[in-house]
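Student: Starting from the known structure of chain A, fit chain B onto it as the hints suggest.
Residue numbers (the numbering used here), protein chains in the order written: chain A, 318 to 1160; chain B, 80 to 347.
Treat the hints with care, as some may be off.
Going by beta-carbon spacing under 10 Å, a handful of chain A positions derived as facing chain B [claimed, not checked]:
1. Ala894
2. Phe895
3. His1049
4. Asn1056
5. Ser1082
6. Lys1085
7. Asn1089
8. Phe1090
9. Val1091
10. Val1094
11. Gln1100
In case anyone wonders, no lab produced these hints; they're calculated from the structure.
For each residue, glycine too, the CB sits at the ideal point set by N, CA and C.
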Amino acid sequence: MKRYNSEPVKKSERITRLVQHLFHKMPEIEAARAELITESYMETEEFPETTRKALAFNHILKNLPIIIRPEELIVGSTTIAPRGCQTYPEFSYEWLEAEFDTVEHRSADPFYISEDTKRRLKAVNPYWKGKTTSELARAYMAPETIRAMEHNVFTPGNYYYNGVGHVNVHYDRVINEGLEGIMNRASSELSRLTVCDSEYAVKRRFLEAVIISCNAVCEYAKRYSALAKEEAAKEGNEKRKAELLKISEVCAHVPLHPARTFHEACQAFWFVQQTLQIESSGHSISPGRFDQYMYPYYEADIKKGIMTREEAQELIDCVWVKLNDLNKCRDALSAEGFAGYSLFQNLIVGGQTVEGEDATNDLSFMCLDATKHVFLPQPSISIRVWNGSSHDLLLRAAEVTRTGIGFPAYYNDEIIIPSMMKRGIPESDARNYSIIGCVEPHVPGKEDGWHDAAFFNMVRPLEMVFSNGYDKGEEASIHTGDVTKFSSYEEFKAAYKKQMDYNIALLVNANNAIDRAHAERSPLPFESALIDDCIGKGKPLQSGGAVYSFTGPQGFGIANVADSLYTVKKLVFEEKAFTLSELKRAMEMNFGKGFDEITARETAEEAAKAVREKGGEVTEKLIRDVISDVLNMELPADEKQRYEEIWQMIDDLPKYGNDVDEVDLIAREAAYYYTKPLPEYKNPRGGIFQAGLYPVSANVPLGAQTGATPDGRLAHMPVADGVSPTNGKDLHGPTASCNSVARLDHADASNGTLFNMKIHPTAMSGEKGLENFVSLVRGFFDQKGMHMQFNVVDKETLLDAQKNPEKYRGLVVRVAGYSALFTTLSKSLQDDIIRRTAQGQYR
Amino acid sequence: MTMKDQPYLNVKGRIFDIQRYSIHDGIGIRTIVFLKGCALRCRWCCNPESQNYEMEEMTLNGRRKVCGQDITVREVMETVKRDMPYYSRSNGGLTLSGGESLLQIDFAEALLRAGKDLGVNTALESMGYADFSKIRRILPFLDTYLYDIKHMDPKKHKEWCGKENTLMVENARRVAESRRTELIIRVPVIPGFNDTEKEILDIAHFADSLPGVEEIHLLPYHNFGEGKYSGLMRPYPMGDAKTPSPEKMLLFKGSVERETNLRCQIGG
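Chain A extracted, bound-state conformation (with noise of 0.2 Å):
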C-alpha cells in the first residue's frame, strides 16, 4: 500500500479570481511604514536598540491599514494596492529618492509610486540621515574594501541597503505551541534571570522586546478578526458571509493559540510569513518544508472528515496566492540582480525525515499541483531528491517542470547532507535541510545562514591579473606583476590565487561590517524568537542567537575562468599559438570586433579625469568626441586580422560543458579558488563563511561591467551563470553539460551551486519523456551534483536563438523522433518549429 495518495485535486474558480485580481494593476509603493516606524523611533530614542525596534514593530502592526481582498480565506496583507511594498528607511533610503521619477519606468521590475507617497517617504527619510545600517557598514570598512566594491569585483548589496531575510523561523512552532508558547518561554527565562548575570542587561531588553514583537503580531490578527466580522455583517452574499465569519473566528485564535484545524495551520503560517516580513525588509524569509510541518493537521481534518482534499488542496492554493502579495523595492541594480519581484520564498518538498526515511506525503504532492494552479513565482518551489525518493514525487515534479514555469528545482540529499556534516552540523539536524531563497542550504528554525551575503564576480580577479591590479586608470587591487613576462602557466594560475585570495579577504571585510552594523542598528526580536536558540542565549539573531551562524557570499562565472586559464593553458603555453601579451593586447581591443557603448563611456570617463587632474576644463564637447572615437575606431586591417584569428583558436578550443576532462578538472580547479579560501574565515556572530555558487540574475549586469576575457567573451557580455557552462559553449547535450558540472566539487560549496539547463517541451513529451527526465536529473545527482533547475525553452526563446544564434549554439529541439541543433536549421524550418512550440502540437 502507498503511503500516500497523489490523486490530483481539480482547482477551484476562486483561485482564477484571486490570481487576476492580484495582477489588476501595477505593484505600488506604500508610505504608511516608514511614516510609523519613523514616528516611533522619535519617540523612543532613550531606549536601547532592541527595545525600540520591538515598540516600532508593535507600532507598525497596531496602525497599519489592514484590508481583507475579495474572495481571500487566507488574510493579512502588507499593503492596500495588491502586490505593493513598504520601505524601509532604517535600512538605507536615498537611492529610492534619487530613482522616484525613474522606478516606474524601469526596465526591471518598476512599482509606481505616487506624487503624495513621494512627499509622505520625503518627510520622514531625512529622521535617518546618519541612523540607517548601510551608513554604519561604510564607516566600518576597510579603505580598500570599498575601493574594491567600487571597482566591481563584488558586491555586497543584499544586506548593505536592506534586512537580512535569508531564514527558515519555526513555523512548526507556533503552529504547534502558538505565540503564547514562545511567550511563555521567554517569560519563563524572564524570570529565571538574575541581576547579577553579566549580560542581564541585553538579555532582559531581548526577552522583553521578544514579547512585545509576539504580542504585536497576535493582535495584528485580531484586528483581522475583528474586520472580517465587521464584513460579514454587511456581506449580502450568504457563502461569503460564512467565510468572513470563519475568518473572524480563525484569525481570534491564532497566531496566539496553538492551530486546531488545517486552515487554522494555514492562517498561522500566513501571518507568520507576514509580519516578519514587516518587521524586516530581507527577502528569501522562505517557508521551508511546508508539506512537513502541516502534514498533521491535514491528516487529522481528513480523518475527522471535517475537511475535504479539495477543500484542503484550495486552502494551499490560497497561501500560494498570498505569497505573491508580498513585494519588495529594490535599488535599480539589485533589481537587475533579482529580477522578476522575486522575493525568493523558497519552499521544499519531499526529502528525508530526520530518522533517514522518504518523507513524502499527500502534501507533497498538493504543493507542486499548488505552484501548477496559480502559475505565479511565489513561492519558489523545490523538491529534495535522494535515493529512496518516491518516483511517483519526481514524476509529478517533472510535470510541472513540463509546463515552462521553471519550477521545482531539484536538490540533491545524497550531497547536500554530507556538505552540511562537513561544516559540524550534526546529521539529524542536516537530515532537516530546507532551501533559502536560491538554492542554500539551512537548518530550519536553527540557522542564520546570511545566504546570498554578496556577489563575487571570479573574472574581475582574472582581469586584474592581465592589469596587474590596475583598473580604468587606478589602482583597484594588488599587483602580480606583469603579464607579459609570465613564462608558464603555473606562474600565471599563482597570479590568479594572488588576486583571488586578496579579493575574498576585502570580501569578507565587507560581509563583516555589514554584519556589526546590523548587530547594532537592526536587532530582530520577532524574527529571532521563532529561531533556537536566541531566547535560551537571551540574545537576537544578529548578534549570533543562532545554533549555526554562517556567512554564505556566492561566486560566479566558473565556466569564464575555467575556460580562460584553459586558453592560457593551451594556446600560450603548450601550444605557443600566440602570446601573452598578444593575448592581453587582443582583449583590451575586444578582439577586433569592435567597442560598444559602455567602452566609450568609460574611455571618455577617463580622459576627462586626466583632464581634470591637470587642471583643465572637460566639456561636454570632449566627452562627446571620445564617445565617438571609440565608437567608429577602426583597427588596421592586418592588426584587427590577428585579433580575430586568436578569437577564432580560441573559440574552437574544448570548452568547459562538454564533458572533456582535462577542462572540467580546471574548472574544479577554479571553484576551489573561491570555495577553499572562505571557511577559513570567522564572522562576528560566531560563525564561519561558506561558499556559494550562483548567481541569481547578477551575470547579467555584473558582466555588463567586465571587460573581454581569454575564453573569447566579449567586453561587457553576461558572465556565465552560476555552475553552468557558458551559454552557447555546451555542444553535446544534456548529459555531457551534466557530467562536466558534476565534476565540480559541490560539497565544498555548501552554500549551494545552481545548475540551469535549458531543454525543449517536446523533450519531455509523454510519459516516456517524463521518465527519461527524471533519469536525467537522477544520472547527474548519482555523480554528485547537487542543484539543477529547468528552463523549459518556449516560443520566445526560439525567437532569441534565431536573433543570437551564438548564444544557442547547443540547443537541441527534438519534434517526432528526430533532434537536430536548432541553430543549424535553415530559417523557413526555424520558423516552422516555433509555430510548433507555440501551439504545443506534439506536447
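Tutor: Only chain B this time, still in chain A's reference frame:
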C-alpha cells in the same frame, strides 16, 4: 580477459555522428552511433550525408565539415561509456543507426557486443537490408530491433527508395521467428508515398502477423534534412511536402489499433 583486451574493440568502422541524450530511439536515455553508408536512397531521407560510404563535405550555416570518420569500437565506447549513470537510471544504452548499419556488419556486431559487455541496453535502427546470415550474427547482442518497413508494395518501394522490399520483408519475418530480440516495426509516414489508411494498414497487418511483435511506431515525415541537401549540393527530392497533420496521424493510429493487436505509437 578484461574489456580492455577484447580484440573486437579494435574493429574499425565509419560513422558520421555520435549523438548523446537521444530519447526517441529505444528505451530510456541513449547514445546513438550513426554508421555511414546506405543501401537505399529514400527520397525523404533526413540524413542524406549517411547515404554514401565515401567521405564527403557538407556546408551547414556557412561552415564546411567533413562527414565521415573512421573510428575503432574502443574509441566509440569511450564516448558511450560517459553516460553510464543515465543508462542505468533509465534502462537506456546504445543505439546503432545509419545509414544501414548492416552494411558494416563486423563493426556493428562489435559495437553491440561492446554495449552488452558494458551491461547496457542495445538497439539497432535498420531496415534489414543484408543477407540473413549477417543479421544472425548480431542477434545475440541486440535487445531491441527497430525495424523500418516503409511499404508492402515492392514496385512502389523501388520507385521511392531505389530497391524492392522483398529481402527486407523476408528478413523481418526471420528476425521475428528467431525470437532472439524484441522487434518493433517503424513506419515513416510519407506524403504521396504511403500516407493512406490502406497502405499503413497493409504494413500493420504484416507486422501483426510476425510472431512476438507487439508494437508499431508511425513516424511522421519532417523536412529537417532539407538544409543538408543544399549543404551537399543536392536537390531536395521532397520539394515542399508537408508534415502529416496530427489529426491524420491520430487517425492512422486509431485504425491500426482497431484492425490489429498492436500497440501503436506516433513518433519514436
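Student: Against the earlier hints, flag every one the structure doesn't satisfy and list their numbers going up.
Tutor: 1 and 2
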